[in-house]
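> Sequence:
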Amino acid sequence: MPSIEPIWFFINDILRSIGFRSRAFFFLTSVIVVLGFYNGIRKLSPNFYISLLLFILAGFYFESANIVRQYVAMSILFSGLPCFLKGKIGKYVLWIFLAAMFHYSVLVIVPFIFLARIRYPLWLLCMILVVTFVFGNSLLNVVTNNIMPFVQDLGFYQYDVDDFDSGVNSGLLKIFYHLLVFSILLLYGKNKQKCPSFLFILINMVVIGLMIYNVCYLFTPARRLYLYFFPCIILVVPYCLNWFTKKSQVIAMGIVSCIFLLFLLKLNWGVPYNFDVAFF
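Residue numbers 1 to 280, in my numbering, belong to the letters of the sequence shown in order.
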């Protein structure tokens, strides 16, 4: 079984001692997730409401109910993202340590976080996406053969590729992700003189997230790591929309929103949910 971070036992013991049932735990974690993303969106997005809409339609909010511990860590990193973009690395390291208390996987993605601060040529980003899209499965075999045994020796996560269903179907969402990100790179290349200086870092994070998604596409536990980076797309898209005319903004956002909504409905249609607020 995977190791559980000690802080969760502490939180559960407190909630149990007060008399709360399990619903209080999920309510608490939902509040943390929402506040973390709210804080990051409020400070970084050029259009709060578009970013909030994408946070919901792209399925990021709903996914937080499936991988609770990781999403708490993700929301903490997202909330501290303004420090990282402003170059306050020391402060952001504190955010990283705080997030790692809630999910150990943060320690795995730390090198990728700092790689995002490098200004790469756009052709290289495009090539990385093409290579990982085409050869993702082969690269996954390299990762599992050379890195997974080391992770298992640490005793944190005893997963194997065959232990999990891939959780993927037609691959249309994967194709849409790439079309969207390639469009962003094209627009950025034409308009980067008009961009805030930190936008390239957010775009790098989106590309890193999609790269992880490609390589770990058939291995669910590892594929979830892409969520530390790819949600930055909810910040990047509003900046890209600013490069369009008002009418074109409505059309582009309408198309992107409708496609995300269709995938969201496909994923959740027919899934039964029971809600109550019986905390005690």
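These are computed hints drawn from the structure, not numbers from a lab. All C-beta atoms in this analysis are idealised placements derived from N, C-alpha and C, irrespective of residue type, glycine included. You may find that some hints are simply not true.
Ranges of calculated distance between the beta carbons of each label pair, as one might list FRET restraints [unchecked claim]:
# : residue 1 : residue 2 : range
1 : 90        : 118       : 16 to 24 Å
2 : 127       : 7         : 21 to 29 Å
3 : 245       : 20        : 47 to 55 Å
4 : 182       : 27        : 36 to 44 Å
> Looking back at the hints listed earlier, which ones does the structure fail to meet?
2
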